[in-house]
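A.B. asks: These protein sequence lines are chains A and B, in that order. Per this note's numbering, numbering of the first sequence is gapless, rising by one per residue and ending at 504. Per this note's numbering, numbering of the second sequence is gapless, rising by one per residue and ending at 250.
Calculated from the structure, these hints are not laboratory results. There may be inaccurate statements among the hints.
[Said to hold, decoys possible] Taking CB as the label site, the calculated pair distances span: (1) 60(B) - 432(A): 36 to 46 Å; (2) 299(A) - 60(B): 29 to 39 Å; (3) 81(A) - 226(B): 42 to 52 Å; (4) 3(A) - 26(B): 52 to 62 Å; (5) 41(B) - 146(A): 56 to 66 Å; (6) 223(B) - 419(A): 50 to 60 Å; (7) 455(A) - 43(B): 28 to 38 Å; (8) 35(B) - 226(A): 30 to 40 Å; (9) 112(A) - 165(B): 29 to 39 Å.
[Claimed, not checked] In silico EDC-like cross-links for lysine to aspartate or glutamate, where the CA-CA straight-line distance does not exceed 16 Å: (10) 317(A) - 4(B); (11) 9(B) - 321(A); (12) 3(B) - 324(A); (13) 6(B) - 321(A); (14) 9(B) - 314(A); (15) 6(B) - 324(A); (16) 211(B) - 184(A); (17) 3(B) - 321(A).
We put the CB at the ideal spot given by N, CA and C, even for glycine.
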Amino acid sequence: MKLFLETYNNTNSVDINEIPVLKYQYFANMLRSYFADSDNHCLSYYAYRKDNKLKFICAIAKDSNGKIYLSSHELDAGKIMLDSLTPEFPQLHIFEREIAENFGITFEGHPWAKPVRYPFDRADKNKVMNNYPFYRMESDQLHEVGVGPIHAGVIEPGHFRFICNGEKVLHLEIHLGYQHRGVEKLMLQNDNRLKLCILSESIGGDTAVGNALAHAQLLESLADFEAPKDLQIERCIALELERIAVHIGDTAALCTDVGYQLGQVVCEALRTTIINTTQFWCGNRFGKGLVRPFGTNYPLNDKTVEEIKKILNDSGKRYFDMAERIYSLPSVLGRFDDIGIVTTQQAYRIGAVGMAARTCNIPRDIRATHPFQYFKTHKPQVVTQEKGDVLARGMLRFLEAKESVKYIFELLAKWESIDKTNLKPDYDHKLNPDRFAVSIVEAWRGELCHFAVTDEKGNISHYKISDPSMHNWFALALAVRDQEISDFPICNKSFNLSYCGYDL
Amino acid sequence: MIKEIKILKQHGIQYVPDLKGAVLTPLFRGRPVIKEQPSEAETEMLIRLCPSDAIVTVGGFGIDIGKCVFCKECALACPNKIEFTNDYKIATNDLNNLIVRQGDSEIKFNEEKIRPEVRKLFKNALKLRQVSAGGDNSCEFELNASGNVNFDMGRYGIEFVASPRHADGIVITGPITENMAEALQICWDATPGPKVLILVGTDAISGGMFKNSPAVKREFLDKYPVDLYVPGNPAHPLTFINAVLRLIGK
Numbered sequence: 001m002k003l004f005l006e007t008y009n010n011t012n013s014v015d016i017n018e019i020p021v022l023k024y025q026y027f028a029n030m031l032r033s034y035f036a037d038s039d040n041h042c043l044s045y046y047a048y049r050k051d052n053k054l055k056f057i058c059a060i061a062k063d064s065n066g067k068i069y070l071s072s073h074e075l076d077a078g079k080i081m082l083d084s085l086t087p088e089f090p091q092l093h094i095f096e097r098e099i100a101e102n103f104g105i106t107f108e109g110h111p112w113a114k115p116v117r118y119p120f121d122r123a124d125k126n127k128v129m130n131n132y133p134f135y136r137m138e139s140d141q142l143h144e145v146g147v148g149p150i151h152a153g154v155i156e157p158g159h160f161r162f163i164c165n166g167e168k169v170l171h172l173e174i175h176l177g178y179q180h181r182g183v184e185k186l187m188l189q190n191d192n193r194l195k196l197c198i199l200s201e202s203i204g205g206d207t208a209v210g211n212a213l214a215h216a217q218l219l220e221s222l223a224d225f226e227a228p229k230d231l232q233i234e235r236c237i238a239l240e241l242e243r244i245a246v247h248i249g250d251t252a253a254l255c256t257d258v259g260y261q262l263g264q265v266v267c268e269a270l271r272t273t274i275i276n277t278t279q280f281w282c283g284n285r286f287g288k289g290l291v292r293p294f295g296t297n298y299p300l301n302d303k304t305v306e307e308i309k310k311i312l313n314d315s316g317k318r319y320f321d322m323a324e325r326i327y328s329l330p331s332v333l334g335r336f337d338d339i340g341i342v343t344t345q346q347a348y349r350i351g352a353v354g355m356a357a358r359t360c361n362i363p364r365d366i367r368a369t370h371p372f373q374y375f376k377t378h379k380p381q382v383v384t385q386e387k388g389d390v391l392a393r394g395m396l397r398f399l400e401a402k403e404s405v406k407y408i409f410e411l412l413a414k415w416e417s418i419d420k421t422n423l424k425p426d427y428d429h430k431l432n433p434d435r436f437a438v439s440i441v442e443a444w445r446g447e448l449c450h451f452a453v454t455d456e457k458g459n460i461s462h463y464k465i466s467d468p469s470m471h472n473w474f475a476l477a478l479a480v481r482d483q484e485i486s487d488f489p490i491c492n493k494s495f496n497l498s499y500c501g502y503d504l
Numbered sequence: 001m002i003k004e005i006k007i008l009k010q011h012g013i014q015y016v017p018d019l020k021g022a023v024l025t026p027l028f029r030g031r032p033v034i035k036e037q038p039s040e041a042e043t044e045m046l047i048r049l050c051p052s053d054a055i056v057t058v059g060g061f062g063i064d065i066g067k068c069v070f071c072k073e074c075a076l077a078c079p080n081k082i083e084f085t086n087d088y089k090i091a092t093n094d095l096n097n098l099i100v101r102q103g104d105s106e107i108k109f110n111e112e113k114i115r116p117e118v119r120k121l122f123k124n125a126l127k128l129r130q131v132s133a134g135g136d137n138s139c140e141f142e143l144n145a146s147g148n149v150n151f152d153m154g155r156y157g158i159e160f161v162a163s164p165r166h167a168d169g170i171v172i173t174g175p176i177t178e179n180m181a182e183a184l185q186i187c188w189d190a191t192p193g194p195k196v197l198i199l200v201g202t203d204a205i206s207g208g209m210f211k212n213s214p215a216v217k218r219e220f221l222d223k224y225p226v227d228l229y230v231p232g233n234p235a236h237p238l239t240f241i242n243a244v245l246r247l248i249g250k
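My request is simple: use the sequences and hints to build the entire structure.
C.D. replies: Encoded structure:
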């Protein structure tokens, strides 16, 4: 019996009917054999309604051979019980919670059966933001600290509830959903696909390029279209510029939280130069409008290339000097080193991805393991850190920014030597009917997964988005255990996870 | 120490000296200009193309920048009729002034609508509390940047504060999600009066791409008058700072 369908990232779509539909028991067995190998991790596990049935799709990525395994199971209408697989595979916890919340399925034995984001179309409308079932510890020795949804700074809303023993955090629970805008439902507007591009860019403004690329790539898969080399290179450059800008900005934020003002202001100013370069290229500091399906409105030109080189040479060097100083300064290291540790084993168990995984010595980077666009032709160097603490997460930003600067120069050299197609975007390109496609982009936080299903007319009938923060918020909760509560801000900044990308 | 002095020297002077006269890169997508009325067929095509229903036809052709997501696709489709300039002073206190018509050369402020106490009380210091209610965090980034080492709006006494109790007003970003509506209300109620209400970004002004989303609940805006609309996707720091300066009469 066939247990799964193999596919690759950024390639043609598959026939939705070819994804094997397994009995739940066999599905569990299949996961058992896959997750026994730490080389595999769950990209996403989700459900959607199809002809009165609930169809569950699971996508597993194998890092060593670049394959993606697709499998599914179904549940008849009226049935609402399934045995939870989370006790055995903790990395599924958030996906089972999401399915339970959306469709009213009970996963029996789920150790943490809590709401995810209170979507407008949730199965149980009696569950409301105000009565989130927080974990409690009854003791007159302990106290609780609640923070948010509105925080002291200008940031997105989310609620953090700490249970503390004195200054020490015993437990942190993260309650999100405040940002829920119903993005996935809006992605089904087939009347005008430009809407979908703009929506993708606003899944998370700090990852506008990443999400726009994941979306463009998805549509291209559904149309059997392969982007020409010049377009691929331009997209990779845009993605790496976004990575560099955020990494520098996060370095500034980390410095702010430990009171190192020089690091803060220098990095703030350097981030400005990078996002202004993106603005020079496409007119928007966040790269909105730059990435479009089947082409681009802003092909690179000699003037833009010259600007990118100039800024990266100058700001790049200045950032590296600054970062070297930051990470050799005893007063800063005293606040970063050994703080907020996530162990490699924990990271594997919760299915951590992207930066959060790489700081725990897990070389999980879609650019190298499941390459897309020009990363297929030219692989970047994967950077890892060992300790999983705030210092590792800071250092990783520095080293990745360094790699990305180097990589952009290599791409620019290649770009200069090839013929340009300068394709224009196409918002009416016909999509193949009855197909399923997966698109993964390693944006600065980690893997962004977009999935879509088309109906018999080639219209998008289901769209699913999984932000890396789905996997990684739990890492933050683990990182602050047994830490002083005053270290929460740097732990939080060091991950810089997405609220709107998670809430959708 | 020597390393730090070297870094400081490289850093140099970063602030933008003239926040009112700074010129942005030519490609920056700011105020649109209608060079010529699009034909009927073109208008129909643009209505279909526009992702956020920003094309206005009542009273002649226009673009509502309170709805516009600044994707510039209309200008790319009709380059002889529409262009986007790098004029970033696109905020106003009057919703009607957000509609750009042929012949318009600026987004106008409605001086009569400004409440006298706003200028009297906040001219020299305006402390704001920001509430993100479904914002995609690009507007939030730009509001943070408004106070950073480059734009430094603190020089005018304008600043974001940690508590609504310390604030003279609220700045909303995002389309106002249902899940955030109550927290926003509590924050507004906790801000002592007289206070200002500022909407930043197209999402906040009109709901943007999310105006028809069932996850959005915008009743808050029916209850209170808005002092300032700052369009953009996201609004540029210079747009925000100039808008606030104009409001407080500086």
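A.B. asks: Against each hint, give a clear statement of whether it holds in the structure.
C.D. replies: Verification of the hints:
1. As the Cβ distance of residue 60(B) to residue 432(A) is approximately 43 Å, the hint placing it in 36 to 46 Å holds.
2. Between residue 299(A) and residue 60(B) the Cβ separation comes to about 35 Å, which falls inside the hinted range of 29 to 39 Å.
3. For residue 81(A) paired with residue 226(B), a C-beta distance near 49 Å keeps the hint of 42 to 52 Å intact.
4. In this structure the supplied range 52 to 62 Å holds for residue 3(A) paired with residue 26(B), their Cβ-Cβ distance being about 56 Å.
5. At roughly 58 Å, the beta-carbon separation of residue 41(B) and residue 146(A) lies within the given 56 to 66 Å, and the hint holds.
6. The supplied range of 50 to 60 Å is met by residue 223(B) and residue 419(A), whose beta-carbon atoms lie about 59 Å from each other.
7. Look at residue 455(A) against residue 43(B): about 31 Å separates their beta carbons, and that is inside 28 to 38 Å.
8. Taking the beta carbon of each, residue 35(B) and residue 226(A) are about 38 Å apart, inside 30 to 40 Å as hinted.
9. A C-beta distance of roughly 36 Å is found between residue 112(A) and residue 165(B), which places it inside the suggested range of 29 to 39 Å.
10. For the given pair, residue 317(A) sits about 15 Å from residue 4(B) by alpha-carbon distance, which is consistent with the 16 Å threshold.
11. Under the criterion of a C-alpha separation no larger than 16 Å, the hint pairing residue 9(B) with residue 321(A) is consistent with the structure, at around 12 Å.
12. Only pairs whose Cα atoms come within 16 Å are accepted, and residue 3(B) paired with residue 324(A) is accepted, the gap being roughly 10 Å.
13. Between residue 6(B) and residue 321(A) the CA atoms are separated by roughly 10 Å; this keeps the pair inside 16 Å, and the hint holds.
14. For the hint pairing residue 9(B) with residue 314(A), the CA-to-CA distance comes to about 14 Å; that is within 16 Å, so the pair holds.
15. The suggested pairing of residue 6(B) with residue 324(A) holds, with an alpha-carbon distance near 13 Å, which does not exceed 16 Å.
16. A threshold of 16 Å between alpha carbons decides the hint, and for residue 211(B) with residue 184(A) the separation of about 15 Å falls inside it, so the pair holds.
17. Between the alpha carbons of residue 3(B) and residue 321(A) the distance comes to roughly 9 Å, so the proposed pair stays at or under 16 Å and holds.
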